[in-house]
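Two independent chains are provided; combine them into the complex using the hints.
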Amino acid sequence: MTNQESELTFEQAMEQLEELVEKLEAGDVPLEKAIQYYQDGMKLSKLCNEKLGRVEEQMQQVLNEHGEFVPYEVQEDE
Amino acid sequence: MNGRYLTVSALTKYIKRKLSHDPHLKEVWLRGEISNFKLHSRGHMYLSIKDEKSRIQAVMFAGNNRKLKFAPENGMNVLIRGEINVYEPMGNYQLYIQDMQPDGIGALYLAFEQLKEKLQREGLFDDSSKKELPSYPEHIGVITSQTGAAVRDILTTIKRRYPIVKVSIIPVLVQGNSAAASVDKAIRYANEQLDCDVLIVGRGGGSIEDLWSFNEELVARAIHSSLIPIISAVGHETDTTISDFVADVRAATPTGAAEVAVPSLKELSEQLKLTTQRLTRAVTVKRAEANERLTRLRKSYAFKYPEQLMKQKEQDLDRVLEQLSKSIHDLQKQKNDWLTHINKRLNQQHTASDVQVSRKQLSKLTKQLTGNFNMQFRIKKDQFHTVLDKLTLVNPLDIMKRGYAIPYTQGGNVLKSVNQTKTGGLLTVKVQDGQLYCTVNEIEEDES
Numbered sequence: 001m002t003n004q005e006s007e008l009t010f011e012q013a014m015e016q017l018e019e020l021v022e023k024l025e026a027g028d029v030p031l032e033k034a035i036q037y038y039q040d041g042m043k044l045s046k047l048c049n050e051k052l053g054r055v056e057e058q059m060q061q062v063l064n065e066h067g068e069f070v071p072y073e074v075q076e077d078e
Numbered sequence: 001m002n003g004r005y006l007t008v009s010a011l012t013k014y015i016k017r018k019l020s021h022d023p024h025l026k027e028v029w030l031r032g033e034i035s036n037f038k039l040h041s042r043g044h045m046y047l048s049i050k051d052e053k054s055r056i057q058a059v060m061f062a063g064n065n066r067k068l069k070f071a072p073e074n075g076m077n078v079l080i081r082g083e084i085n086v087y088e089p090m091g092n093y094q095l096y097i098q099d100m101q102p103d104g105i106g107a108l109y110l111a112f113e114q115l116k117e118k119l120q121r122e123g124l125f126d127d128s129s130k131k132e133l134p135s136y137p138e139h140i141g142v143i144t145s146q147t148g149a150a151v152r153d154i155l156t157t158i159k160r161r162y163p164i165v166k167v168s169i170i171p172v173l174v175q176g177n178s179a180a181a182s183v184d185k186a187i188r189y190a191n192e193q194l195d196c197d198v199l200i201v202g203r204g205g206g207s208i209e210d211l212w213s214f215n216e217e218l219v220a221r222a223i224h225s226s227l228i229p230i231i232s233a234v235g236h237e238t239d240t241t242i243s244d245f246v247a248d249v250r251a252a253t254p255t256g257a258a259e260v261a262v263p264s265l266k267e268l269s270e271q272l273k274l275t276t277q278r279l280t281r282a283v284t285v286k287r288a289e290a291n292e293r294l295t296r297l298r299k300s301y302a303f304k305y306p307e308q309l310m311k312q313k314e315q316d317l318d319r320v321l322e323q324l325s326k327s328i329h330d331l332q333k334q335k336n337d338w339l340t341h342i343n344k345r346l347n348q349q350h351t352a353s354d355v356q357v358s359r360k361q362l363s364k365l366t367k368q369l370t371g372n373f374n375m376q377f378r379i380k381k382d383q384f385h386t387v388l389d390k391l392t393l394v395n396p397l398d399i400m401k402r403g404y405a406i407p408y409t410q411g412g413n414v415l416k417s418v419n420q421t422k423t424g425g426l427l428t429v430k431v432q433d434g435q436l437y438c439t440v441n442e443i444e445e446d447e448s
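Protein sequences, first through last, are from chains A and B. Counting in the UniProt record's numbering, the first sequence tops out at residue 78, every number present. Counting in the UniProt record's numbering, the second sequence tops out at residue 448, every number present.
There's no promise every hint is true.
[Unchecked claim] Using C-beta positions, here's what the derived DEER-type ranges look like:
#, chain 1, residue 1, chain 2, residue 2, range
1, A, K43, B, E138, 53 to 59 Å
2, A, E7, B, L68, 50 to 56 Å
3, B, A111, A, K43, 54 to 60 Å
Hints in this document: simulated from the structure, not taken from any laboratory. We put the CB at the ideal spot given by N, CA and C, even for glycine.
For reference, chain B alone in the conformation it holds in the complex (with noise of 0.2 Å):
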């Protein structure tokens, strides 16, 4: 009878996996109002989840309640979203809450909620389809109403950052039954027809419901499948749509949107500016560098190797010119020597027979010669003094030293007889040291 009885325990662990396993408690989506609300010093939510008739055990881990984007109180109706389980320890079952929103909305939230998940599953918010954005676009379309306030926004910001982009907008309805088409309609045109190369995609704030078409599914694939990196920016920082997650981009607000499409001109001016600082530096460092190799090769023992290689080559030059010099000079010597040596041989040969003859021979006619020519000199010289002194003996003018006088005639001859002058006539008697200018007085004739 005892084998009947179970344990609590394996009772609860049995009801917890049927539990488990049912699909339906795996996911349950829950309208109710919020009762003994407690916040857990931990950050967890426990509550109880009533209508008119029930009421339901909950808790709400700090990990999922942290992205509510309301308070949660007493006789609040909300819309939750969770998972049914057993708390073992105590044999209660429990909702453990995994979303919740605040009741009002419930149909629409459903669909979202719905929506989101197909589209995840089916890839539409992957990372890896994401498109990147342009850092320097050209063109940008703008899929928004024309008369918002977030088109203003937009392009107020763009003028202000980067006022050189070419902007279109492409005008669409925002909200409405007809707001869907429209934006895939506009996102289509832009694909087929624009070259824009970044679309910013949204309106400002509004309610859920005025957002709505930025939460459905027509929207939602136009933008997956734009070619055009999409910026989604659908009304303020804390709504979020499906296009927000489709899209490449999200931005909390229009404003935003323009922030992440376009760079800041200033900035970027600023960037050029230290970038072309940067090649400036870089190519003055390398040039720098250059000089200073080039300095460094210059002062290297290779590059100094030619000119001392030329001051030896200059040595060796002066060592061989000395050595030729000397060479010559020797071989000079040598040949002397040689040649006087020759001679010497030379002179040996020839002394003894021509050469010593014929200058024994010379110099003894020249001695002959010179003999004879002194002899015949002495000879020639005694006959001339012998004339010569005949000469003095014969010279009237020795004669006149020992009185003789020499008369002329005025004609100039010697008076020689005295035929040759008259009385009264006119003589010049020449003596040793004058003459007399004399007239003859008398002439007296000898007897012969």
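If we strip away everything but chain A, and leave its shape as in the complex, we get (with noise of 0.2 Å):
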């Protein structure tokens, strides 16, 4: 489970999260389900957070004239 969710993109943890929300919503969910989708709705948040919170992993790079792609600083001059 652990894995599986790893590799989930933000935007399927967000899919899968309004899913979620949406079907205990709708109400017309066993209770056994609903608790079920909230644990797994509690996962997909914290997984989401997660993946927000994940910003040293930000890179940029530049496709440099040897085709290899190099960190890129802005740089100020026109």
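Here it is, written out as structure tokens:
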């Protein structure tokens, strides 16, 4: 479950979370299912939060003349 | 002769029809100078277009002139696209202007318009061929000049809004002769080599010549055939290029492109928070509902039923026990009665014979026994009294009452003869109420 979850994209996780919320809000879910949905939902919520918080993974790169990507710093000169 | 004369309106109609059927007059590209410009209160523009030798009446209706990016005025040289037709009430032909540009970029403008029409006809601008942008991109490819303001605007905006996305810059020439080829190559490279989920293609503002590569067919086709959705960001708000029409999403500026490309992390966090709250609320509501339902059910008759049933059964049991007890009692009584009855009958049958006879006999015998015993007892008792009387008669003590005494020797024997003692001998004389210890003073023997 954990492996599978970590492979989810943020979009997928968000979509699944939305789906769970909608299912729950629809109201015709058996209680056990509802609790399962809630637990799954909270896991997804946590996952989304982690993904949103993973700022340090951000990467800027630029393709150089040798066809390789190298780290990119914003250049101020025009 | 009269049949040869036409009415004015018939002639005018005829001319109008002639002009309408001429394909060259359907779409006219015209260069000239504005004169007699008049803006009608309802928004329509009336003007003449002239050159050194001729002039033509023209009108540009409000629906068309609203899109103009400049204010026409007398003496201004313009490039016009329009249609020639006849205004019947005045019987004059005039130019109905559809689009108008300031002159000076004439050839480029025509090329732009012609390419735009061609690509539009081919369906390159159709909404149906537009791809949807990912809501949460993971990898953005930026195809622009490495050193322009555009790349800086894009990167700072992305960093501010959504710093968790990966950004790859594919540097291209954005102006000059090889710019279009460079952009085309970069778009194809991104599609073949990179796992980008969205591309931003563009450059900052400039003259129409500066932006021209984004009006070229090569770039337009590259954008159209890209499998990765493309946001175009060419020039500034007022600049529109062919690329903008073909792109899946058009942004007014590079900053705008970055804003379209990525969500705001802050808003996203907020949204996630709200969704999570909804999740919790939904499950809480669910639980409360279930709880309420349970409570309701517990209170319901159906749920109470077993309890009441039990109470009823308890009562039933009591009643049955009572009945049982009564039955046993009745049965016992019945059996008893029956036994008594049987006994009675039994007795009736046997009294006459053995028992009664035996009992009578026993009674008789007992009476006899008792009678005999009593008689024997009285006899024995009488005998005893007789013996006792005789005994009393010989009782020495009774004799001593009459004054007799009994002397005993030292040895304790009754003194019956004088020979049993001697003078000075000691005797004990017992009388009725005690004894005397005596000494024999003198002995006198009876003469015989």
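*asked:* Looking only at beta-carbon atoms, does the pair K43(A), E138(B) fall within the given range of 53 to 59 Å?
replied: violated (20 Å)
*Using the Cβ atoms, figure out if E7(A) sits within 50 to 56 Å of L68(B).*
holds (53 Å)
*54 to 60 Å as the expected CB spacing between K43(A) and A111(B), which holds or is violated*: At roughly 57 Å between Cβ atoms, K43(A) and A111(B) fall inside 54 to 60 Å, so the hint holds.
The structure does not agree with numbered hint 1 stated previously, though it agrees with all others.
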